[in-house]
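Participant: Sequence:
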Amino acid sequence: MLDFETHQTTKHFRVRIFVRGCPNGRLTFELITGFVYSAPSDTIELKPGTLQLTDCLEHCRRNASCQSVNFETGLCVLFTSSATERPASLAVSQFPVFTLYAQKICLFGKRRCGRDWVFERVTGYALRDLARKRLRAISREECMDLCLDETEFACRSANFDPSTGECAISDMDRHSVVGDRYFVPSSETNEYLESNCVDGEF
49 MLDFETHQTT KHFRVRIFVR GCPNGRLTFE LITGFVYSAP SDTIELKPGT LQLTDCLEHC
109 RRNASCQSVN FETGLCVLFT SSATERPASL AVSQFPVFTL YAQKICLFGK RRCGRDWVFE
169 RVTGYALRDL ARKRLRAISR EECMDLCLDE TEFACRSANF DPSTGECAIS DMDRHSVVGD
229 RYFVPSSETN EYLESNCVDG EF
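Our numbering applies: residue 49 is where the sequence shown begins, and numbers increase by one.
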């Protein structure tokens with residue numbers, strides 16, 4: 049096992065939680081597939097005829113009040129709140145509808161990713177036994193920054209445990225491993241974070 053490496057906590061932690069404005073950082077998105085956000089009173093507008101997730105994200109990006117979106121082929125829904133503020137409002141989408149949920153996040157790392165979303169999050173799963181480094185982070189977003197800023201190897205994913213602050217980064221992801229013994233169910237609080245920025249535009 050690798051020892052923990054110390055990482056200086058960011059003074060921008062409060063901004064990480066409350067994304068609006070994102071001063072001194074950069075605004076981007078994280079994606080959670082197969083989930084739907086329910087907050088009728090916070091709905092800004094519905095965008096029927098939206099066929100691509102990237103178009104849905106662009107609608108939200110251009111709207112300062114938009115904090116999150118639900119997307120299913122042909123429909124994009126914009127909200128003034130997000131699962132960060134209302135975690136109980138996020139639930140697994142019901143068959144046959146498959147919904148993609150995305151929310152704005154604020155990152156402060158040195159490396160910038162030109163992709164439409166930077167990470168996909170899967171709660172309750174982990175990539176086991178493949179960590180290259182074990183770091184500490186005070187938030188999910190800081191763990192994402194640590195992965196993006198890694199210089200010794202191309203960081204493809206991270207396991208983040210909010211209860212301990214452990215941020216275990218890896219040069220592998222669930223798609224690059226062979227077999228199903230590595231990407232496995234974990235504690236309910238553990239968050240698997242998969243980078244969308246490897247070999248992408250920085």
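Derived from the structure by calculation, the hints contain no laboratory data. None of these values were measured; they are calculated from a predicted model. Glycine included, each C-beta is placed from N, C-alpha and C at the ideal position. Among these hints, one or two may not hold up.
What the hints assert, rightly or not - Quick list of simulated restraints, FRET-style, between CB atoms:
no., residue 1, residue 2, range
1, 212, 144, 22 to 30 Å
2, 182, 159, 17 to 25 Å
3, 145, 171, 18 to 26 Å
4, 228, 96, 17 to 25 Å
5, 92, 162, 40 to 48 Å
6, 134, 112, 28 to 36 Å
7, 144, 91, 33 to 41 Å
8, 197, 177, 20 to 28 Å
9, 122, 212, 19 to 27 Å
10, 212, 92, 12 to 20 Å
11, 88, 109, 30 to 38 Å
Unchecked claim - Result set (EDC-like, lysine to aspartate or glutamate): computed pairs, CA atoms no more than 16 Å apart in a straight line:
no., residue 1, residue 2
12, 152, 133
13, 181, 200
14, 158, 106
15, 181, 219
16, 158, 197
17, 95, 120
18, 181, 168
19, 152, 164
20, 152, 197
21, 152, 103
22, 181, 214
23, 158, 168
24, 152, 168
25, 181, 164
Participant: Could you work out which of the previously given hints the structure breaks and list their numbers from low to high?
Facilitator: 1, 4, 5, 6, 7, 9, 10, 11, 14, 18, 20, 23 and 25
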